[in-house]
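Participant: Sequences are here, hints too, so could you generate the full structure?
Chains as they are written, first to last, in this note's numbering: chain A, 1 to 101; chain B, 1001 to 1101; chain C, 2001 to 2101; chain D, 3001 to 3101.
Simulated from the structure, these hints should not be mistaken for lab results.
Just so you know, even glycine gets a beta-carbon here, dropped at the ideal spot from N, CA and C.
Errors might be hidden in some of the hints.
[As the list claims (entries may be wrong)] Just so you have them, the derived chain D footprint on chain B, three or more residues with Cβ under 8 Å:
(1) 1031-1041
(2) 1081-1087
[Unchecked claim] Under the rule of at most 25 Å between Cα atoms (straight-line distance), these lysine to aspartate or glutamate pairs were calculated in the DMTMM-like manner:
(3) A:Lys97 to D:Glu3014
(4) C:Lys2034 to B:Asp1082
(5) B:Lys1065 to C:Glu2051
(6) C:Lys2034 to C:Glu2088
(7) A:Lys65 to D:Asp3082
(8) C:Lys2065 to D:Glu3100
(9) B:Lys1054 to C:Asp2082
(10) B:Lys1097 to A:Glu23
(11) C:Lys2092 to D:Glu3100
(12) D:Lys3097 to A:Glu14
(13) C:Lys2083 to C:Glu2051
(14) B:Lys1026 to A:Glu23
(15) C:Lys2030 to D:Glu3100
(16) A:Lys92 to B:Glu1058
(17) C:Lys2092 to D:Glu3029
(18) C:Lys2065 to B:Glu1045
(19) B:Lys1065 to A:Glu100
(20) A:Lys34 to A:Glu96
(21) D:Lys3069 to A:Glu29
(22) B:Lys1034 to C:Glu2088
(23) B:Lys1069 to D:Glu3088
(24) A:Lys69 to B:Asp1082
(25) B:Lys1097 to A:Glu29
(26) B:Lys1083 to A:Glu23
(27) B:Lys1092 to A:Glu96
(28) B:Lys1065 to B:Asp1082
(29) D:Lys3065 to C:Glu2100
(30) B:Lys1030 to B:Glu1061
(31) D:Lys3092 to C:Glu2029
(32) B:Lys1065 to A:Glu96
4 protein chains.
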Amino acid sequence: MSVIIEFVIVPLGELSLSRYVAEVVKLLEKKGVKYQLTPMSTIIEVSSVSEGFKIIEEAHELMFKLGVKRVSTTIRIDDRRDKRRHMEDKIKSVLEKAQEG
Amino acid sequence: MSVIIEFVIVPLGELSLSRYVAEVVKLLEKKGVKYQLTPMSTIIEVSSVSEGFKIIEEAHELMFKLGVKRVSTTIRIDDRRDKRRHMEDKIKSVLEKAQEG
Amino acid sequence: MSVIIEFVIVPLGELSLSRYVAEVVKLLEKKGVKYQLTPMSTIIEVSSVSEGFKIIEEAHELMFKLGVKRVSTTIRIDDRRDKRRHMEDKIKSVLEKAQEG
Amino acid sequence: MSVIIEFVIVPLGELSLSRYVAEVVKLLEKKGVKYQLTPMSTIIEVSSVSEGFKIIEEAHELMFKLGVKRVSTTIRIDDRRDKRRHMEDKIKSVLEKAQEG
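Facilitator: This is how it looks when you write it as structure tokens:
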């Protein structure tokens, strides 16, 4: 099955966040994680909640390695087990219904 | 200036949400709001927090009109006033920095 | 009816947030809003979503008046219309069920 | 050090959530985790992010064992490493500053 997880890592004390998000993107690329960057978050598709937590924990720890003293990380998990679906399917399903009506 | 707001409207008591998100998309289209649909949320770009709240309140109320009894709505506002930027700029800035390093 | 809304206002660029939360608490006291401060957020009980939005917008704007340049505000609304309930009722209901089993 | 984590586990398809939150409370009690129940969430204080994730994953999985088909879990971590502080300290610090002004 696949789990879709959105996360936002905010290093407190910093005004510009793009440098930090860029480091997270590099981490996801290096690990070969399926992800989508949005203007407000990063969304990953993984095979289990624990796999997702492992990746996000690594990204969260990365901030401290970059010198940040306080990190606020928000995570939202969408875990549906009665049917298999991917990130793209969710958007497709909405757009199909929006066009019907 | 522009404010970027992410929101998620969850009708409790429902297993499939795409029908409801589709109604929100139709509302945004009708109102001519600049938006982006992601696998986990809807992101809008508006000129002020109050304009954003007005739109989200309308979308939230729509759920009750569709027969829902309980609605959980999550909103995240990114309001930066020292420089003007758009939804696309945020992603572009991250990707440029990710390629540098 | 009553709507319960949790919110968190984070001034980016600041390491310590308590000074800012204190200003929000003072605003809520002055306006006579029913609220509860938790270690992670502020929760208010209001009569409608629009009343809640008005209060949170005022608190959000307050940050810029205090000199902050970028504000990230997160809001979560729990709006149930099939029965009236208050903040205390939600906790009571959980604790009763936890003791039964 | 201690990490403070807020989480909300929402079983989709259910209108009343208190029964599910009660099961999470029982789990936290059984495991001896320091926690606070609020009208909108559960807040735990743990010694590391990975300890927190382990507990939340167990609570998230519990929902599926109770027959839920889709679970939406939201987590917010406040991880500050330049000084040690507890859940109570955060509220105390805000209230002190609110009384000063």
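Participant: Taken at face value, is the distance from the CA of D:Glu3100 to the CA of C:Lys2030 at most 25 Å?
Facilitator: 15 Å, holds
Participant: Please verify whether B:Lys1026 and A:Glu23 have alpha carbons no more than 25 Å apart.
Facilitator: Judged against 25 Å, a Cα distance of about 36 Å means the pair is violated.
Participant: CA of B:Lys1065 to CA of A:Glu96, is that 25 Å or under?
Facilitator: 21 Å, holds
Participant: Does C:Lys2065 pair with B:Glu1045 here, judged by a C-alpha cut-off of 25 Å?
Facilitator: With Cα atoms ~23 Å apart, C:Lys2065 and B:Glu1045 stay inside 25 Å; holds.
Participant: Please verify whether B:Lys1030 and B:Glu1061 have alpha carbons no more than 25 Å apart.
Facilitator: Judged against 25 Å, a Cα distance of about 16 Å means the pair holds.
Participant: Would the pair B:Lys1069 and D:Glu3088 pass a check requiring their Cα atoms to be no farther apart than 25 Å?
Facilitator: 35 Å, violated
Participant: B:Lys1034 and C:Glu2088: Cα distance at most 25 Å?
Facilitator: 39 Å, violated
Participant: Can the restraint linking C:Lys2065 and D:Glu3100 be considered satisfied, given a maximum Cα separation of 25 Å?
Facilitator: 19 Å, holds
Participant: Is the straight-line distance between the alpha-carbon of C:Lys2092 and that of D:Glu3100 25 Å or less?
Facilitator: Judged against 25 Å, a Cα distance of about 33 Å means the pair is violated.
Participant: Are C:Lys2083 and C:Glu2051 close enough, with their CA atoms no more than 25 Å apart?
Facilitator: 19 Å, holds
Participant: Taking 8 Å as the Cβ threshold, is the statement that the stretch 1031-1041 of chain B is covered by chain D upheld or broken by the three-residue rule?
Facilitator: violated (count 0)
Participant: Quick one, are C:Lys2034 and B:Asp1082 close enough, alpha carbons at most 25 Å?
Facilitator: Violated, at about 33 Å.
The earlier numbered hints that this structure contradicts are 1, 2, 4, 11, 14, 21, 22, 23, 27 and 28.
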